[in-house]
Structures are given as structure tokens and as C-alpha cells.
Amino acid sequence: MNADTLANILFASLRVMTPLLLAALAGLISQRVNLLNIALEGLMLFGAFFAVVFGAQFGSPWTGLLFSILLTTLITLIYAVAVVELRANLIVAGLAINTLAVGLTSYLLVVMFNARGAYSPAGLVSLPKLSIPLLADAPVLGKILSGHGVLVYLSWILAGLTSLFLYRMPAGIHLRAVGERPEAAETAGINLKAVQYLALLLGGVLCALAGAQLAIGDLTIFNNNMINGRGFIALAAVFFGAGKPGLTAVGCFVFGLFEILQFRLQTSTSIPPQLPQMLPYLIVVLTLTGISLQKALRKKRISV
Amino acid sequence: MFKRVALFLIVALSLILAACAQQPASTPAPTQPAAPEQPAQPTQAEQPPAKTYKVALITAQGGLGDRSYNDSGYEGLKRAEKELGVEVKVIESADPVGEGEQLLRSAAESGFDLVITLEYSHFDPLARVAPDYPNTTFAILNIAVEGDNVVSVIFKEHEASFLAGALAAMVTTMENNELVNPEAVIGAIGGTQSPGIDKFIVGYTEGAHYINPEVKVLSAYSNSFGDPAKGRELALAMYDQGADIVFQIAGGTGEGVFQAAEEAKRYAIGVDSDQDYIKPGFILTSMIKRVDNAVYDLCSRLVNGALQGGAIVEYGLKEDGVGLSPMTYTKDKLPAEFLTTVEDLKAKIISGEIKVTDITKQ
Numbered sequence: 001m002n003a004d005t006l007a008n009i010l011f012a013s014l015r016v017m018t019p020l021l022l023a024a025l026a027g028l029i030s031q032r033v034n035l036l037n038i039a040l041e042g043l044m045l046f047g048a049f050f051a052v053v054f055g056a057q058f059g060s061p062w063t064g065l066l067f068s069i070l071l072t073t074l075i076t077l078i079y080a081v082a083v084v085e086l087r088a089n090l091i092v093a094g095l096a097i098n099t100l101a102v103g104l105t106s107y108l109l110v111v112m113f114n115a116r117g118a119y120s121p122a123g124l125v126s127l128p129k130l131s132i133p134l135l136a137d138a139p140v141l142g143k144i145l146s147g148h149g150v151l152v153y154l155s156w157i158l159a160g161l162t163s164l165f166l167y168r169m170p171a172g173i174h175l176r177a178v179g180e181r182p183e184a185a186e187t188a189g190i191n192l193k194a195v196q197y198l199a200l201l202l203g204g205v206l207c208a209l210a211g212a213q214l215a216i217g218d219l220t221i222f223n224n225n226m227i228n229g230r231g232f233i234a235l236a237a238v239f240f241g242a243g244k245p246g247l248t249a250v251g252c253f254v255f256g257l258f259e260i261l262q263f264r265l266q267t268s269t270s271i272p273p274q275l276p277q278m279l280p281y282l283i284v285v286l287t288l289t290g291i292s293l294q295k296a297l298r299k300k301r302i303s304v
Numbered sequence: 001m002f003k004r005v006a007l008f009l010i011v012a013l014s015l016i017l018a019a020c021a022q023q024p025a026s027t028p029a030p031t032q033p034a035a036p037e038q039p040a041q042p043t044q045a046e047q048p049p050a051k052t053y054k055v056a057l058i059t060a061q062g063g064l065g066d067r068s069y070n071d072s073g074y075e076g077l078k079r080a081e082k083e084l085g086v087e088v089k090v091i092e093s094a095d096p097v098g099e100g101e102q103l104l105r106s107a108a109e110s111g112f113d114l115v116i117t118l119e120y121s122h123f124d125p126l127a128r129v130a131p132d133y134p135n136t137t138f139a140i141l142n143i144a145v146e147g148d149n150v151v152s153v154i155f156k157e158h159e160a161s162f163l164a165g166a167l168a169a170m171v172t173t174m175e176n177n178e179l180v181n182p183e184a185v186i187g188a189i190g191g192t193q194s195p196g197i198d199k200f201i202v203g204y205t206e207g208a209h210y211i212n213p214e215v216k217v218l219s220a221y222s223n224s225f226g227d228p229a230k231g232r233e234l235a236l237a238m239y240d241q242g243a244d245i246v247f248q249i250a251g252g253t254g255e256g257v258f259q260a261a262e263e264a265k266r267y268a269i270g271v272d273s274d275q276d277y278i279k280p281g282f283i284l285t286s287m288i289k290r291v292d293n294a295v296y297d298l299c300s301r302l303v304n305g306a307l308q309g310g311a312i313v314e315y316g317l318k319e320d321g322v323g324l325s326p327m328t329y330t331k332d333k334l335p336a337e338f339l340t341t342v343e344d345l346k347a348k349i350i351s352g353e354i355k356v357t358d359i360t361k362q
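Keeping their order, the protein sequence lines are chains A and B. Heads up: the first sequence begins at 1 in this note's numbering, then just goes up one per residue. Heads up: the second sequence begins at 1 in this note's numbering, then just goes up one per residue.
Check before you lean on any hint, since a few could be wrong.
What the hints assert, rightly or not - Under the rule of at most 27 Å between Cα atoms (straight-line distance), these lysine-lysine pairs were calculated in the DSS-like manner:
1) K361/B with K348/B
2) K331/B with K216/B
3) K348/B with K143/A
4) K279/B with K129/A
5) K265/B with K129/A
6) K193/A with K244/A
Unchecked claim - Chain A is nowhere near these chain B residues, computed Cβ spacing over 12 Å in every case:
7) R128
8) I143
9) E178
10) H209
11) E214
12) K230
13) R232
14) L236
15) D292
16) P335
None of these hints come from the bench; they were simulated from the model. Quick reminder that beta carbons are idealized off the backbone N, C-alpha and C, glycines included.
Using the sequences and the hints, build the whole thing.
Here is the structure:
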């Protein structure tokens with residue numbers, strides 16, 4: 001394997017991990033207020049849909065992105081009302097959002113564009129790619145880190161900001177307090193509901209970005225199956241990272257890397273394709289098992 | 001209480017929407033009122049009026065207006081109406097999968113001589129329904145169903161895939177084409193690993209090796225038919241590994257392959273219908289299934305009394321049931337001898353001189 005191939009694999013891994021990372025940050029923030037957000041998948045699909053539809057309507061991917069954020073957040077608000085205000089079961093409400101996403105987008109595609117399941121408007125361009133000055137000319141590293149789409153860089157910044165928010169900003173600290181010691185937080189005068197709304201709505205924005213990255217980051221297409229389980233992989237990455245943004249990002253990268261490696265394994269070896277296809281998921285399951293084991297052991301040690 | 005009602009409403013609404021989504025927006029295409037508009041038939045004079053055969057076509061998921069499979073079938077039916085004088089009707093449904101049995105039964109009870117269903121999943125209800133209506137002949141596409149009054153239509157996709165592979169093998173070593181790299185490597189991306197998909201890939205590989213045994217054929221499976229981002233990544237990985245032509249057999253995932261081709265300045269090959277227009281110039285050709293020809297041929301067999309129930313009818317290159325697209329956007333860039341060679345190979349497959357492996361029969 002030469003340096004070029006390696007650079008190419010790492011470059012592609014960073015690209016593949018981006019929607020996962022954005023969605024995982026959404027999952028992480030809800031996780032921190034003790035809300036298991038399984039609606040990531042559906043919210044991402046809404047994000048992708050609005051990005052393509054409004055991007056095409058106004059002839060600019062930026063407008064698409066803006067509308068995607070606004071409308072996906074609006075839908076997240078419905079979800080948040082159901083979960084926070086009406087205390088709906090998290091799993092059921094999440095499933096409802098996921099089903100609604102597939103149904104509503106398919107329906108709107110037929111009504112608006114007479115398109116079935118997929119929509120690829122002519123004239124829609126994808127979001128721009130950035131060449132990082134100085135870095136772009138660096139050998140190998142330049143090929144790995146420069147030239148990605150804008151949302152790829154934004155996802156890194158947002159991962160950093162999430163960490164900053166959770167550990168350094170009052171709102172973030174309140175948020176963690178609500179998740180870890182709700183009674184104490186309430187006694188301290190923190191508005192539980194407001195914090196839960198905040199966590200879910202921030203997640204909505206992140207899911208919109210994740211969906212937009214899939215639909216207009218590199219491609220210019222919508223397909224009602226295009227999220228293909230990424231919302232749940234993102235959730236797994238949250239557990240992988242034990243609720244910490246940095247580790248969660250590592251989890252997403254590992255998944256992205258193994259996804260790219262499995263493509264290459266399929267084309268360069270004669271092992272049945274099902275084995276490489278399993279690889280990224282297998283890694284997730286194995287790490288999660290490892291993490292639980294470690295936790296169990298630690299608990300045992302403390303009790304002894 | 002309120003929260004339960006609200007939740008129930010959300011779930012119910014989403015289910016309703018999901019169901020509605022499959023419903024065609026426009027009213028179903030009417031069967032042509034034809035008769036008065038048609039020019040007077042020159043043969044109408046002395047001959048006693050022959051029996052007018054009635055044919056129904058049940059559309060598959062996606063329905064009319066898909067610019068692909070269903071519309072192609074409808075084209076064939078319209079041609080049969082015009083040229084063979086059969087009476088035709090299109091039966092559309094919001095849920096052709098769930099309503100399979102009712103659709104087949106109501107079509108049979110309406111007195112059609114031939115009921116053609118384009119919906120693959122009807123293989124199951126068809127086996128139950130067909131024996132109840134011995135006077136109706138049923139036809140189903142892409143799968144073999146047993147029954148004395150059932151005609152199964154199978155396309156020999158492997159034959160046209162062989163031609164696509166042969167063309168790709170010639171193009172990959174071309175010089176003076178900016179979409180081609182010096183390496184003799186081509187690729188194929190399938191939706192899932194299954195005999196139905198491998199039929200294409202094996203034919204493609206055989207065609208490539210027939211032209212040039214040195215050509216390396218990379219193959220991979222996306223394990224999804226609706227994930228364009230994954231299709232794009234798979235194709236980019238193949239282009240990076242030296243492939244310059246990638247054949248997609250992966251439905252919606254394949255749309256990502258086309259975008260990757262445009263981005264990497266390489267070729268892709270389309271599937272099922274003529275997809276060359278999606279990225280003009282970057283889709284070398286498409287391996288097409290002529291559903292229109294198959295539907296027309298079924299009607300023509302009906303009129304000529306040659307429609308045999310219980311048979312499997314295969315449409316290959318010979319019957320013009322499969323083939324390559326006209327290459328509207330890429331033909332000018334290719335040397336004429338490539339196209340002659342493809343025609344040559346086609347003649348050899350038709351004559352039986354070249355036998356292409358059909359993996360589904362092994």
C-alpha cells in the first residue's frame with residue numbers, strides 16, 4: 001500500500017464519518033439529559049429532503065441548508081413536545097418520527113414532483129469543497145485533510161464546540177446536571193423542561209446538517225432510503241464514546257475507516273462479500289461489548 | 001390521556017402518509033378510447049370480424065410515470081393496441097404488493113384473455129389465483145411461476161451484460177480518451193450478492209475476458225438499493241483502484257455511482273432502462289431490458305394463438321428483449337470498430353457460437 005492509497009483511504013473515511021459524527025453529537029446531547037434519541041434516523045431523512053427540495057427551488061445549496069435547519073428543527077419541536085411535555089414513550093415517539101419521515105417525504109415527492117422515492121433535480125449543485133491554504137500543499141497530510149466539503153470541517157468545529165458547551169458553559173453544565181442528578185438540578189432552580197427542549201432542538205439542527213451532508217454535501221440527490229441506518233450507527237457511536245464528544249468522534253471515524261476498508265477488501269480479495277460488509281458493524285459490537293465488560297469489572301473492583 | 005391521543009395521531013398520520021405515498025398523484029391513465037380516432041383499417045372489408053382479444057396490464061410498484069419499468073411495459077401495450085388491435089386496460093393500484101390477490105382476481109373476473117402483471121411480488125398470489133380461472137392466461141415477469149395457464153417471462157440479462165463487459169474491456173485500453181486511464185481495470189457494483197444480481201456480473205466479466213483476458217474486473221456489493229452515498233463511495237474506491245468503467249446493478253444506490261463517474265471523470269454503465277441521459281457523456285452505455293418488447297410479444301402470441309400456458313418465455317438478444325442503449329452521448333467518442341465488434345458478438349451469441357453463462361441455471 002503506497003502513501004497515495006493510504007491518503008485516499010483516510011480522506012474517504014473522514015468523509016464517510018461526517019454524517020455519523022453530526023448525528024452522533026445530536027444523540028450525545030440528548031443522551032446527556034437522559035433522553036435516548038432514536039429519532040436521529042428520521043430527522044436526518046427530513047434534513048436531507050428539505051436540503052434537496054429547497055436547494056433546487058432556490059437554486060442554491062446554501063438556501064437548501066438553511067431551510068433544512070429551520071424545518072427539521074420545527075419537526076424536532078413536535079417530537080420534543082411529545083417527549084418532554086406529553087411524556088410520550090421515547091421509543092414509540094422516535095419510531096413515529098422515523099416512520100413519518102419515510103411516509104411524508106415519499107408522499108410530498110409524489111405530490112410536488114411526481115417522483116417516486118427518489119428525487120435528483122437538475123441544476124442543483126452540491127455544497128462547495130474547501131482547499132485549506134498551506135495545508136493543501138503539505139505532502140500526504142494535505143491530501144487527507146484538505147479538500148473536504150464545508151460540512152466536514154463544520155462537523156469538527158461542532159464536535160469541539162459541543163465539548164466546550166458541555167463542560168465550560170453554564171447552559172451545558174445545567175444540561176449535564178439535569179441528566180445526572182435531575183432532583184438536585186431542580187432544587188438548584190434549573191428548569192428541567194427548558195433544558196430538555198434545548199437538548200432536543202440542538203439535536204434537530206445537527207440532524208439537519210447530517211442529512212444535508214448526505215444529500216447535498218457530495219451528491220445532489222434524495223432517496224427515501226438514503227439514511228440507511230446511519231442514525232442508529234451514530235447512536236452506537238455515542239455509547240462507544242461514553243457520552244464524550246472526542247471519543248464519540250473517534251467511534252465515528254473507526255466506523256468510517258472500516259466501511260472504506262471493507263469496500264477495498266471486497267474488490268481486492270475473494271472472500272465472500274458478506275464478511276467484509278459485516279466488518280464495520282462487528283467492530284462496533286465488539287467495542288461496545290468491551291466497554292460494558294470494562295464497566296462491569298470496574299464496578300466489581302469498587303464493591304470489593 | 002391527551003398525550004396518548006397525540007401519539008396515536010402521529011403514528012396513524014405517518015402510516016396514512018406512508019400508504020398514500022404509493023398512490024399515483026394523477027388519475028390512473030385511462031385506457032385509450034382509441035376506436036373512433038383510428039384510421040380506417042384497409043382490411044376491414046370482407047373478412048368476418050375476428051375475435052377482439054382483451055389484455056390487462058397490472059403495473060408494479062412505482063406505477064405509470066416512472067420513466068422506466070412500468071412506462072416501458074405500457075409502451076408495449078399501446079403498441080399492441082395499435083398494431084394488433086387488442087383491447088387493452090391498465091390496472092394501477094396504490095398498493096400492488098398488498099393487494100396482489102384482489103388485483104389478479106378482479107382482472108381475471110373481468111374477462112380478460114391475458115393478464116400481464118409487472119409486479120414481481122405477485123408470484124405468490126398468482127400461483128393461488130391462476131388455477132381458479134382456466135380461461136384466462138396470466139403472464140409474470142422476471143420470475144418463473146408454475147401453472148397451466150401461466151406464462152413466465154425471463155430476460156436474459158447475462159447476454160446483454162456480456163456485450164456491456166466486452167465494450168468496457170475495449171474502452172478501458174483506449175488511448176486518447178480523457179475518461180480512460182492506462183490500467184486495464186473495470187468494475188461492477190451489485191446491490192446484494194444474489195443469483196439475480198450475479199447474473200449480470202458474471203455475464204459482464206465473461207464479455208470483458210472474451211475481448212481481453214488480461215482485463216481485471218473488480219466487483220463489490222453495496223448491500224442496499226437506496227443508498228446513493230454508499231454507491232458513490234464504492235465507485236470512487238474502484239476508480240481509485242484503477243477502474244475506469246463501473247457497471248452498476250444497484251437501483252437507487254447506482255445514482256451515486258453516476259455522480260461519482262462525473263466527479264472522477266470516468267465512465268459508469270447503467271442498468272434496466274436507458275440511463276445514459278442521467279449524466280450525459282459519463283454513462284458509457286446502459287444494459288436495457290425491453291419490457292415493451294416483451295409485453296408486445298405476449299400480445300402478439302395471444303393474437304396468433306401461440307401463447308402457451310405453463311411455459312417460460314425467454315427474451316434475450318435474439319428476441320430483442322435485452323440489449324445495449326443507443327449510446328446517444330458516447331457513441332461519437334468511440335472508434336467505429338468497437339461498435340462493429342459489439343454487433344459481431346451479438347450475432348455470435350444469437351447464433352449460439354458464444355455461450356454466456358447464466359448463473360441462475362447452475
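Notebook entry, point to check: Which numbered hints turn out to be false for this structure?
Noted result: The structure breaks hints 3, 12, 13 and 14; every other hint is satisfied.
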